[in-house]
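Heads up: the protein sequence lines correspond to chains D and Y, in order.
In case it helps, our numbering puts the first sequence at residues 1 to 307.
In case it helps, our numbering puts the second sequence at residues 1 to 512.
Because the hints were derived from the structure by calculation, they are not lab data.
Predicted, not measured: the structure shown is a model, and the values here were computed from it.
Treat each hint with caution, since some may be false.
Said to hold, decoys possible - Label pairs and their calculated CB-CB ranges:
#1 D/Glu103 <-> Y/Pro485: 57 to 67 Å
#2 Y/Arg461 <-> D/Gln61: 19 to 29 Å
#3 Y/Gly418 <-> D/Gln61: 15 to 25 Å
#4 D/Gln61 <-> Y/Asn389: 27 to 37 Å
#5 D/Asn64 <-> Y/His451: 28 to 38 Å
#6 Y/Lys511 <-> D/Met296: 54 to 64 Å
Unchecked claim - Simulated pairs of lysine-lysine, DSSO-like, Cα-Cα distance not exceeding 27 Å:
#7 D/Lys279 <-> Y/Lys456
#8 Y/Lys509 <-> D/Lys65
#9 D/Lys65 <-> D/Lys257
#10 Y/Lys463 <-> D/Lys241
#11 Y/Lys17 <-> D/Lys286
#12 D/Lys286 <-> Y/Lys463
#13 D/Lys283 <-> Y/Lys463
#14 Y/Lys463 <-> D/Lys65
Note that CB positions come from ideal geometry on N, CA and C, so glycine has one too.
For reference, the chains in residue letters:
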Amino acid sequence: MENSFRLRRSLLYVPGNMPSMLQNIPIFASDAVMIDLEDAVPYSEKDAARTLVHSFLSTYQDRNKEIFVRINSLKTDWWQQDLQAILPALPDGVRLPEADSPEFVEHLDTVLTEFEEELGIEIGHFKILPSIETAEGVINCIKTARSSNRLIGLAFGAEDYTASLEIERTKTGEELFAARTRVVWACKSAGIQAIDTIFSDVSDMEALRHETALIKTLGFSGKSLVNPRQIEVVHEVFAPKQEEIDYALQVIEAIQKAREMGTGVISLNGKMVDAPVVKRAVKILKTAQAHGLIDMHLDEEVIYGHK
Amino acid sequence: MVTNNLGRQLPETFFGKKVQPYQDPYSHKPVGNHATRPLRRHNPGDNKLLRGLREAIEASGLKSGMCIATHHHLRNGDALLNLVIREIDNLGLRDIRIASSSVHPVHAELIPYIQKGVISGFECGVNGLIGEMVSRGELNCPIIVRTHGGRARSLITGEVVVDVAFIAAPSCDSYGNMNGFFGPSACGSLGYAFTDAQYARQVIAVTDNLTPAPLTPVSISQSLVDYVVEVNSLGDPRKIVSTTTQITRDPVGLQIARYAAQVIDASGLLRDGFSFQTGAGGISLAVAEQVRRMMSQARIKGSFGCGGITGYFVDMLEEGLFRTLFDVQCFDLKAVESIGRNLNHQEMSADTYANPFNAGAMVNLLDCVILGATEIDVNFNVNVNTESNGYLLHNTGGHSDAAAGAKLSIITAPLLRGRLPIIRDTVTTVTTPGRTIDVIVTERGIAVNDHQQELKQELIRRKIPVRDIHELRAEACRITGEPRPVEFTDDVVALIEYRDGTIIDAVRKVKE
């Protein structure tokens, strides 16, 4: 339950080989960072980056955002060393590139369990965020979305996807529509979050705003980012409108009344309020809280009737 | 040795004067009158226009042991001070004190003249190599660093007597009327030169744009000017823009700016009539941009923008966000272009801007100022003069003046610079006392001074990350490690004068 409400509007890539960027992770306003050991790090620096990321994570005690590490693809020879180096520093999870089929996720899941046993931490601590970034990945994503309890979502990767289709990526993104929609279906049916691809032109904030509005409409919960300057735009787009907040507050009030009366369904302004409506209202209020738009405590027991 | 109220050790005398230790920002008030200078008489037909600088220096009666001044409106593009010193040397004069409004890296050309004894000291702060060499003991040349308001005060009280002021005049007529608005070396406001024109014993206007008399508009009037000299060039006005005048793109700087804007928003000062000052640095401009957005959105009509003026403030004036700009110094060419065109872009003297000993300076009316720092200590004292290596590298500018005047003084600074923690137990040099600082904004949190409890509670209520300043210091040092302290000798090479003329700190020679 916790996972589906965790805000993941902005997942910022930070190159694992740049101390000056890593040092600033605590101050970025993104909901999560994805420290990159894959594409951003040239072959000759893989070792050094692993050590650097491990040292950084060990000193970053007061974690104020989710930390994922993008390891190298399971198709390479490097991913095991990546895990060996960084898992002892306890990131929240792993971003898995090239998750073309459920088998990749299942394999990683098994390895993560072994690490958790060895480190003596709770099984399931390390989450997985697989990248759906090839035609094959898109075709298989419905099964991939159900391949592990560790999944917090699926992340669509348009750069590699368009390359695999041998097409150009456009700023308006018509060529991505079908794939994005399928990724959202896969996620929603599995109860996990859909995370959209990066937008690489860091100077074009208007196009980023437009794309973010589009993917929000499609059902994505957030977006991967390549530059901290993009965070603000994405958060602005995801900020709930005042009328949405007002309605959500009415829903919560109504359902709390319902719980007191011992029922899970109640009518509000002539419309039925049940679990899916409450779920959407809670999501809006959590987002509003993150934006500082409201200041309230959401008592989950009252809202859901259980923890 | 004497100790001032901040516990800083000072010499009893320096550069031939008794040192008066700093006590507090607001109570010191001297008794006395404005300084005077000799009367003049100019009859019809008397000529002011001389053939060159040499003739003007001779006519002014400048002698060895005297004091001269220039203004720094051309900033790092200024050619005049170097030109004047060369002529002074050619005339065989020695032991000249310089009381300019500031000295910039371009004036490193003066170093051989310091070594030669032409220049014996600076009655003003310096930027760049001269200060560094003095700090290392490589130049023997006392420096008294003054704030912009403090410099105006020192001329007006007569603590500093300028024997000859050389005023670079981008437009000037043959009878001495001048402005900075037009001409090949246009620099906009001549704010720092006003006091010189009024109080120097002799005033020489130097121009590269001589126009027929009378020139209008008049910034500094013919009635104050003794001689006029034409030169080929006053310098390179493109180098007026010597600091960053673009909004920062650095995520750390932008984070600091966002927090600073949130502090302003929470302060309750951002309402109709809001008055505001920022510098020209990338973070300051990013704050200005945020303030501009908040003012537009809430349809707030501010009263005035103040201090050094940038193109961003000009845009805010032209968008109707401020009624007026009070401009002591133009920071970029867009501001220069505006001051000659916009009636509400008002030129202001350093005296009006920031002198504590007049009937009320403009800084007293400021709601909010954004200022920088090279270091900050846990008592909110701020250093802008020396770097963490102990070298005297920067002039104070209007820092202490605006901090003392404004209702809300915000220091914006990264918590880490390179590998240095910026919040320290004690600063290398105190420029501006912590009592006049309200809030420190870093990328990792905001420290609020104890006298601002109400603001602190409001920031906490708004979930803006308020941190104890000791906690910020500890966090910085956790990342960088404790830096080894810089070691100094006992030799005092410069004094940092507070705006009221008392001495807030001394700069000592670095042990190397």
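Cross-check of the supplied hints:
no.	hint	verdict
1	D/Glu103 <-> Y/Pro485: 57 to 67 Å	59 Å, holds
2	Y/Arg461 <-> D/Gln61: 19 to 29 Å	27 Å, holds
3	Y/Gly418 <-> D/Gln61: 15 to 25 Å	23 Å, holds
4	D/Gln61 <-> Y/Asn389: 27 to 37 Å	31 Å, holds
5	D/Asn64 <-> Y/His451: 28 to 38 Å	29 Å, holds
6	Y/Lys511 <-> D/Met296: 54 to 64 Å	59 Å, holds
7	D/Lys279 <-> Y/Lys456	36 Å, violated
8	Y/Lys509 <-> D/Lys65	46 Å, violated
9	D/Lys65 <-> D/Lys257	34 Å, violated
10	Y/Lys463 <-> D/Lys241	20 Å, holds
11	Y/Lys17 <-> D/Lys286	65 Å, violated
12	D/Lys286 <-> Y/Lys463	15 Å, holds
13	D/Lys283 <-> Y/Lys463	20 Å, holds
14	Y/Lys463 <-> D/Lys65	16 Å, holds
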